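Chemist: What follows is each chain in one-letter form.
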Amino acid sequence: MKMQYEPRPDQLRRMVPILYFLLGIFGLLTIAASQYGGEAPLHLPLRQGLFLLLGSALLLGSAQIPFAWYQRNCCRFWLLSMGLLYLLPFFGVRLNGMRGWFRLGEFLLQPSELTKAFFLLTLVICRPRRNRRYMFRIMLLSGAVWIFPILFQPDFGTAAIYLALFLSVLFLSGANWKQLAGLIGAGGVAAFWFLMRYPYARERIMGILHPDADPLGASWHIRQFVLTVARGGFWGNRIDGAIWSYAYLPLPYNDSAFATLAECLGFCGVILVLGLFTVLVAALVRLSLQQGISETRRIFIQAAAVLVAVQSLVHISVNLALLPPTGLTLPLISYGGSSLLGCGLLLGMALSAAGAGNSHFPASAEPLPPDADGETRCVDDGRAARLP
Amino acid sequence: MKGRRRLIVLFVFLGLWLLVVVARAFYLAGPGRAAAIRAGEKLARQEGMIPAPRGRIVDCNRVPLAWTERYFDLYWIGNEGDLPSEDEWRILAELLPAARLPERHGVEPLQLLYRQLAVSEVLKLEPVVKQSSRLKILSRLERITVNSPAVRHLLGKVEERDGVLCGISGLELEHDARLRGEPGRFEVLLDRYRHWMERSWKLLAEPLPGEDVQLNESVTELEARGINQ
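Same order as they appear, the protein sequences are chains A and B. First residue of the first sequence: 920, per this note's numbering; consecutive thereafter. First residue of the second sequence: 146, per this note's numbering; consecutive thereafter.
None of these hints come from the bench; they were simulated from the model. Computed from a predicted structure; not experimentally measured. All residues carry an ideal CB built from backbone N, CA and C; glycine is no exception. Warning: the hint list may mix true and false statements.
Cβ-to-Cβ under 8 Å is the rule here; a few derived chain B residues that face chain A [unchecked claim]:
no.: 1; residue: Leu152
no.: 2; residue: Ile153
no.: 3; residue: Val157
no.: 4; residue: Leu164
no.: 5; residue: Val166
Some chain A residues well away from chain B (every beta-carbon gap over 12 Å; in silico) [as the list claims (entries may be wrong)]:
no.: 6; residue: Gln930
no.: 7; residue: Leu931
no.: 8; residue: Leu941
no.: 9; residue: Arg991
no.: 10; residue: Asn992
no.: 11; residue: Phe1075
no.: 12; residue: Ala1094
no.: 13; residue: Phe1113
no.: 14; residue: Tyr1117
no.: 15; residue: Tyr1119
no.: 16; residue: Gly1155
no.: 17; residue: Leu1193
no.: 18; residue: Ala1224
no.: 19; residue: Val1233
Now the in silico label distances, taken between C-beta atoms and shown as ranges [claimed, not checked]:
no.: 20; chain 1: B; residue 1: Asp232; chain 2: A; residue 2: Ala1109; range: 25 to 35 Å
no.: 21; chain 1: B; residue 1: Leu286; chain 2: A; residue 2: Leu1135; range: 24 to 34 Å
no.: 22; chain 1: A; residue 1: Leu1135; chain 2: B; residue 2: Gln374; range: 49 to 59 Å
no.: 23; chain 1: B; residue 1: Glu332; chain 2: A; residue 2: Cys1187; range: 44 to 54 Å
If we strip away everything but chain A, and leave its shape as in the complex, we get:
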């Protein structure tokens, strides 16, 4: 007899915050390992622990709000995000060559991390539909307006993630191949211009292709990534054994978090973390495939899963010397309150889209209020009811 385990939607919804917290714990371990031997080894782990608690609270809180509320207030979120991103050139703080943070006393706030969820919400609302093809232009304009201030910081890694999110929403919402090909072509031209304009980007690509050509220059970090991961072996070193990442990697608790994790926990630990990420993405996709869920919600959840997967894979590929360095963080693992809070908000909104935000409605009989665009079906543990 064939046994097949199908988790119920409410089980999947409970799983997401648990995975968020577990990955956050791995992040704490990574940050602690990267700081071992430093002057204040507990400073960053304690701050990250605080952000993890706040992020978890934000995830659980935002999941309780009905998704229709987010849709109704999309314009307000858009204005708030635009305000934050466009005020950065005037009031932002420059760090690591980027003007991408606001200083709030002891803490730094990175708006481009916090606004990812609102960007996704705007995209799914503006996506082109069968009867509203003109929406493609609105979506294109909205994406450009959003990505421009990020490019201006300049934070090309985050801008590339926003672009990937834009393309995935377009792809999932059924945009025709002509539109997709046009966008990919335009992206290719922009990438070519970028490589011509910034020699360091060319050098990074050459560093990946010919790691022995300039071992102390362009391929220095690439070699250090490889060596750090190799030092971890299968079983890793002790928490105080991540000496190579501490000494040689750029921002070992942030841009190089995966290599630090690999040095500390080895291949076995890496597989565990990759497994947790895979389960998180799979849980989101499974939630998006519930019966009766509206297309807007479905695409929101799927694109959120794509965002987590793509950003993680890009970061990990850089740390394994498969891609040139981009400066992207590993979601939930890398140090950064804005990233943890932004991820918490994104996952919370995805859970809300999956029906968690409607749990205060009576369990079965009461239909849910419609989505802002009026296309919604009621979702309650897989039982769908069409609105009259």
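Dock chain B against chain A, hints included.
Modeler: Just chain B, lined up with the frame of chain A:
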């Protein structure tokens, strides 16, 4: 249906990417580990020699006639036309107002900016030098002798060969084997600018200091002998 097909396409692509990542991580942790570590450490690990302190030459009353001192100098290592950045130069000028700006044309790649740094100056300069691939603090050993040309003539000269002071004439040459001692060895990790990494220094072999050589004559007798010669 179309949406689900596209979802499958997207996640198959991401799944393949994940497989490549896992395969690469496995390769680096297993089959490729030794080669990767060897290549990386070759770049980063360096062995060095610790010169043994050269023994003193003392007279019959144990008054030192020749002894060794170590000094630290600040150098600029750059190609012709290469000058410090504005920031580098501003910080240098603040820390060492008497330092001279490297010359742009027709000079050797190794230019002395400041001679004989005090310990406090070395400590102040350390963070600046660590951030630069072209500023270097180099140490040198100098043999100091009593201020008497006649005695100095008898004592002879030394020369630095591979970081070790060797006697090349006079008493320095005659007693060289006893004075020289046995150099030690150390290992250190270097950053991309070839500067030493903090806390990475490790002693491999302790240096054995050279012996002091005691002469049978006093300084005045030596001075007289030197003048006669």
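Chemist: State for each hint whether it applies.
Modeler: So, going through the hints one by one against the coordinates:
1. Leu152: holds, 6 Å
2. Ile153: violated, 10 Å
3. Val157: violated, 12 Å
4. Leu164: Because about 11 Å separates B:Leu164 from the closest Cβ in chain A, which is outside the 8 Å limit, the hint is violated.
5. Val166: With a minimum Cβ separation of about 5 Å from chain A (threshold 8 Å), the hint on B:Val166 holds.
6. Gln930: holds, 21 Å
7. Leu931: Consistent with the label, A:Leu931 stays out of reach of chain B, its closest Cβ about 16 Å off (over 12 Å).
8. Leu941: holds, 19 Å
9. Arg991: Holds, because the least Cβ-Cβ distance between A:Arg991 and chain B comes to about 24 Å, which exceeds 12 Å.
10. Asn992: Non-interface label on A:Asn992 holds, nearest chain B Cβ at 26 Å vs cutoff 12 Å.
11. Phe1075: holds, 20 Å
12. Ala1094: violated, 10 Å
13. Phe1113: holds, 22 Å
14. Tyr1117: holds, 19 Å
15. Tyr1119: Holds, because the least Cβ-Cβ distance between A:Tyr1119 and chain B comes to about 15 Å, which exceeds 12 Å.
16. Gly1155: violated, 9 Å
17. Leu1193: A:Leu1193 is in fact no farther than 12 Å from some Cβ atom of chain B, at 7 Å.
18. Ala1224: Answer for A:Ala1224: violated, closest chain B Cβ roughly 8 Å.
19. Val1233: violated, 9 Å
20. B:Asp232 <-> A:Ala1109: 25 to 35 Å: holds, 32 Å
21. B:Leu286 <-> A:Leu1135: 24 to 34 Å: Holds - the Cβ-Cβ distance for B:Leu286 and A:Leu1135, about 29 Å, lies within 24 to 34 Å.
22. A:Leu1135 <-> B:Gln374: 49 to 59 Å: Once the Cβ atoms are compared, 54 Å apart, the range 49 to 59 Å for B:Gln374 and A:Leu1135 holds.
23. B:Glu332 <-> A:Cys1187: 44 to 54 Å: 30 Å Cβ-Cβ, so the 44 to 54 Å window is violated.
This entry does not satisfy hints 2, 3, 4, 12, 16, 17, 18, 19, 23, going by the numbered hints stated previously.
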